[in-house]
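Enquirer: Listed below are the residues making up each chain.
Protein chains: 2
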Amino acid sequence: MALEMFRKEETLAMRKKLIGQSCRLFYSDDPVKIVRARGQYLYDENGKRYLDCISNVQHVGHCHPSITQAATTQMELLNANSRFLHDNIVQYADRLAATLPDKLRVFYFVNSGSEANDLALRLAHQYTQHEDVIVLDHAYHGHLTSLIDISPYKFQKLTGQKEWVHVAPIPDIYRGIFREDHPNPAQAYADTVKDVIDKVHQKGRKVSAFFSESLPSVGGQILLPKGYSTKVAEYVRSAGGVFVADEVQTGFGRVGSHFWAFQLQGDDFSPDIVTMGKPMGNGHPLSCVATTAEIAGAFTANGVEYFNTFGGNPVSCAIGLAVLDVIEKEDLRGNSSRVGGHLLDRLQHDPFGDTVGLFVGLEMVTDKEQRTPATDAAAQVVRRLKEEYICVSTDGPWENIVKFKPPMCFSMEDADLVADRIHHILTERLTPNPTDCRCKC
Amino acid sequence: MALEMFRKEETLAMRKKLIGQSCRLFYSDDPVKIVRARGQYLYDENGKRYLDCISNVQHVGHCHPSITQAATTQMELLNANSRFLHDNIVQYADRLAATLPDKLRVFYFVNSGSEANDLALRLAHQYTQHEDVIVLDHAYHGHLTSLIDISPYKFQKLTGQKEWVHVAPIPDIYRGIFREDHPNPAQAYADTVKDVIDKVHQKGRKVSAFFSESLPSVGGQILLPKGYSTKVAEYVRSAGGVFVADEVQTGFGRVGSHFWAFQLQGDDFSPDIVTMGKPMGNGHPLSCVATTAEIAGAFTANGVEYFNTFGGNPVSCAIGLAVLDVIEKEDLRGNSSRVGGHLLDRLQHDPFGDTVGLFVGLEMVTDKEQRTPATDAAAQVVRRLKEEYICVSTDGPWENIVKFKPPMCFSMEDADLVADRIHHILTERLTPNPTDCRCKC
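For the protein sequence lines, the chains are A and B, in the order given. Sequential numbering from 1 applies to the first sequence in my numbering. Sequential numbering from 1 applies to the second sequence in my numbering.
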């Protein structure tokens with residue numbers, strides 16, 4: 001099979017003509033054409049190798065042979081819909097259940113994180129019979145109409161805020177309303193959610209769900225203060241609502257120490273609904289909602305079938321099972337902890353404390369006191385790293401966070417290379433030069 | 001690879017415990033466990049073969065080796081997201097463009113028909129800057145929150161009708177408000193849409209889109225009267241709205257004579273947006289929205305990126321391309337016409353006229369004059385055919401239509417077998433016995 005059908009300029013011309021321009025390219029002024037990949041490496045049409053610090057979806061590594069093998073074997077056998085009985089879907093649900101708190105034992109399989117979050121909204125509405133949703137500022141939960149409504153990151157630029165959506169401050173102890181010097185930021189931020197609930201009630205409305213990424217990413221790589229989620233869940237449940245943990249980016253061992261990022265909040269915390277997606281199928285469209293028997297029961301009680309044409313088909317589930325196997329066999333969670341910790345250590349000069357594995361944000365500011373986002377400098381780092389054949393992206397409301405979320409097979413040597421290159425770039429003259437960089441983990 | 005991991009009763013017990021009960025099984029009182037499939041045949045755990053008249057998703061046949069080969073080859077090479085340049089996505093868009101009217105030449109790739117219809121809603125809203133949507137009665141456009149809102153089939157049982165949604169009569173000349181004896185049902189039904197538009201305007205509201213399946217399926221296998229869509233599009237565009245053709249079930253040659261079911265309306269008709277899904281990836285989660293440069297341009301102009309994590313990835317597109325190749329190489333569109341026509345001929349005793357390929361509905365009534373739906377009889381036919389190892393389903397608002405939408409490799413012999421079995425069943429005593437059956441094609 002030829003690796004290229006068209007010359008790069010032709011591909012680009014066809015893309016401009018045939019694909020909606022809202023679908024943006026990385027490095028839009030000089031996009032990269034990738035024709036093959038393996039592990040944590042991407043190869044362009046000239047065979048040039050890029051170190052991939054972007055592709056969190058290709059979780060166990062690009063083109064992992066075990067995943068391809070599992071897909072091929074099942075594709076040769078059967079790919080029917082889930083209205084027929086099949087072992088893969090139940091085996092996969094059983095394996096996922098083992099990673100979650102006991103109460104989360106009912107599963108719905110869908111095709112994308114967006115489909116999962118939309119279904120979570122429906123489950124919450126049906127169970128609580130309430131309408132209103134509380135989300136964190138800057139949150140992004142997906143591209144569907146219903147999810148733009150609950151994503152301040154999007155609705156502020158588009159349709160505006162609906163009357164049933166309420167935004168709580170993001171619990172960011174670096175840049176938010178309560179900072180490192182606050183004696184108890186977890187409680188203080190949880191109380192802001194309590195205040196939102198009170199305001200909802202004053203309007204004669206009722207809370208259906210609190211929706212939050214377990215480690216807000218677009219919001220700026222925010223590690224929720226420990227104890228925050230437990231307290232919020234208590235307030236939300238008292239108001240008759242449910243706690244939805246969006247693990248679409250952060251699940252499946254990304255954070256190293258735990259399988260799910262919500263587990264960073266401690267053993268006493270369990271969400272009522274968990275949504276998963278990106279890394280789940282290593283690139284195959286596969287996502288899921290996990291919930292309690294009570295919530296699933298209320299959804300069934302409406303008497304209306306939920307049918308997802310492709311969701312939970314034998315091929316998707318075979319791939320999902322293979323991803324779980326590789327995470328275990330190759331100890332990718334351990335690798336994430338070790339390599340993520342090492343990268344953090346190399347980037348921030350200080351010995352690292354708690355890490356969140358291979359989900360690292362390097363926040364750049366032009367002004368240490370005011371913490372003014374160094375957006376341009378971050379963009380320059382991305383461009384300069386591209387010249388060194390290293391792919392990274394920026395994140396956060398001000399795009400001043402250089403983000404590392406590579407395939408989980410990322411090695412110590414890869415981390416050293418990235419850290420060396422970044423140190424080199426930061427000793428150059430960037431315009432304006434960032435005066436401070438700190439790792440947010 | 002073992003075909004079974006668990007005994008059937010164990011699979012069923014795990015399914016009941018682990019999978020949301022809203023996800024229903026076929027033959028729920030005695031479900032079928034399928035472990036492998038090939039072409040138009042399904043095999044249960046005992047090796048018993050079922051003739052599959054249900055799986056329209058496995059469009060070119062279950063486990064087609066060309067599709068598996070294309071998927072495997074691309075999975076071994078690369079599966080990155082569409083922010084990197086790649087040939088497959090542009091080649092695939094180019095191939096799809098060749099099947100569509102010239103003006104539909106901008107594509108967005110997504111993961112499911114539901115994601116496609118949700119994006120179509122967003123495109124229409126953004127382009128028209130209007131809010132209201134007109135749909136046909138009994139329509140079903142998907143499982144997402146936004147689509148339940150525009151699906152009378154669902155919202156009547158759930159959230160009720162939103163103020164921005166308007167329902168037009170389904171143009172059913174057998175059972176609707178204008179019937180076979182009407183001199184011009186196309187014009188009469190189109191005028192009902194005009195009436196709805198007038199009412200929308202009287203409320204001071206504006207029409208964003210008219211949304212319709214090109215051959216309404218859940219609505220009762222309705223062949224739109226010729227000329228209807230052209231006239232409706234004229235009215236809708238005059239009101240500043242767009243015409244969305246939902247081809248999720250009916251595209252990719254299913255109707256035999258044409259690649260898209262909207263083409264049954266004649267060469268002078270073109271929708272503004274076409275959504276596609278189910279058969280597109282032969283079971284792989286792959287869907288698409290096609291639209292005009294003007295509509296795509298308006299969507300880009302809002303300045304907000306549309307990013308679909310899995311949409312348009314190289315593996316999905318390789319599979320989509322392979323499906324197009326197989327449809328052509330094996331002349332599946334021709335086969336659909338020939339075999340669909342033969343099935344129709346065998347089922348309705350009369351020589352067949354226009355057919356719509358392998359998308360056949362056999363409507364059963366207890367009363368020829370009143371056309372009272374023979375719901376129970378249709379259910380009995382489904383059960384009896386299952387005993388003969390033939391899988392069919394029912395469709396329509398009264399579930400009195402026995403539906404045939406098999407993989408497109410369905411043969412003349414398969415059609416004869418099904419027709420023989422149905423004739424045999426219908427000569428038995430069913431309770432109550434249907435007095436009439438007619439094919440809706």
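One should not assume that every hint holds.
To be verified - Here are the simulated EDC-like cross-link-like pairs (lysine to aspartate or glutamate), alpha carbons at most 20 Å apart as the crow flies:
id	chain 1	residue 1	chain 2	residue 2
1	A	Lys162	B	Asp137
2	B	Lys17	A	Glu294
3	B	Lys17	A	Glu305
4	B	Lys17	A	Asp102
5	B	Lys157	B	Asp181
6	B	Lys16	A	Glu163
7	A	Lys16	B	Asp94
8	B	Lys17	A	Asp94
9	B	Lys16	A	Glu305
10	B	Lys162	A	Glu163
11	B	Lys199	B	Asp102
12	B	Lys154	A	Asp102
13	A	Lys8	B	Asp94
14	B	Lys33	A	Asp94
15	A	Lys154	B	Asp367
16	B	Lys157	A	Glu163
17	A	Lys17	B	Asp94
18	B	Lys157	A	Glu131
19	B	Lys16	A	Glu294
20	B	Lys16	A	Asp30
21	A	Lys16	B	Glu294
22	A	Lys48	B	Asp94
23	A	Lys154	B	Glu131
Derived from the structure by calculation, the hints contain no laboratory data.
Enquirer: Regarding the pair Lys17 of chain B and Asp102 of chain A, is the alpha-carbon distance no greater than 20 Å?
Expert: holds, 13 Å
Enquirer: Does the structure keep Lys8 of chain A and Asp94 of chain B at a Cα separation of 20 Å or less?
Expert: holds, 16 Å
Enquirer: Between Lys16 of chain A and Asp94 of chain B, is the straight-line Cα distance small enough, at 20 Å or below?
Expert: holds, 12 Å
Enquirer: Lys157 of chain B and Glu131 of chain A: Cα distance at most 20 Å?
Expert: Distance of about 17 Å is within 20 Å: holds.
Enquirer: Does the structure keep Lys16 of chain B and Glu294 of chain A at a Cα separation of 20 Å or less?
Expert: Satisfied, since the Cα-Cα distance of roughly 14 Å is no more than 20 Å.
Enquirer: Holds or violated: Lys48 of chain A and Asp94 of chain B, Cα atoms, limit 20 Å.
Expert: Not satisfied, since the Cα-Cα distance of roughly 28 Å exceeds 20 Å.
Enquirer: Assess, step by step, whether the Cα of Lys157 of chain B is no farther than 20 Å from the Cα of Glu163 of chain A, and give holds or violated.
Expert: violated, 24 Å
Enquirer: Tell me if the straight-line CA distance from Lys17 of chain A to Asp94 of chain B falls inside 20 Å.
Expert: holds, 10 Å
Enquirer: Within a Cα-Cα threshold of 20 Å, do Lys17 of chain B and Glu294 of chain A meet the stated pairing?
Expert: Measuring from Cα to Cα gives roughly 12 Å; hence the hint holds.
Enquirer: Given the hint that Lys157 of chain B pairs with Asp181 of chain B, test it: the Cα-Cα distance must not exceed 20 Å.
Expert: violated, 33 Å
Enquirer: Does Asp94 of chain A lie within 20 Å of Lys17 of chain B when you go C-alpha to C-alpha?
Expert: Distance of about 10 Å is within 20 Å: holds.
Enquirer: Is the straight-line distance between the alpha-carbon of Lys17 of chain B and that of Glu305 of chain A 20 Å or less?
Expert: holds, 17 Å
Of the numbered hints stated above, those contradicted by the structure are hints 1, 5, 6, 11, 12, 15, 16, 20, 22, listed in ascending order.
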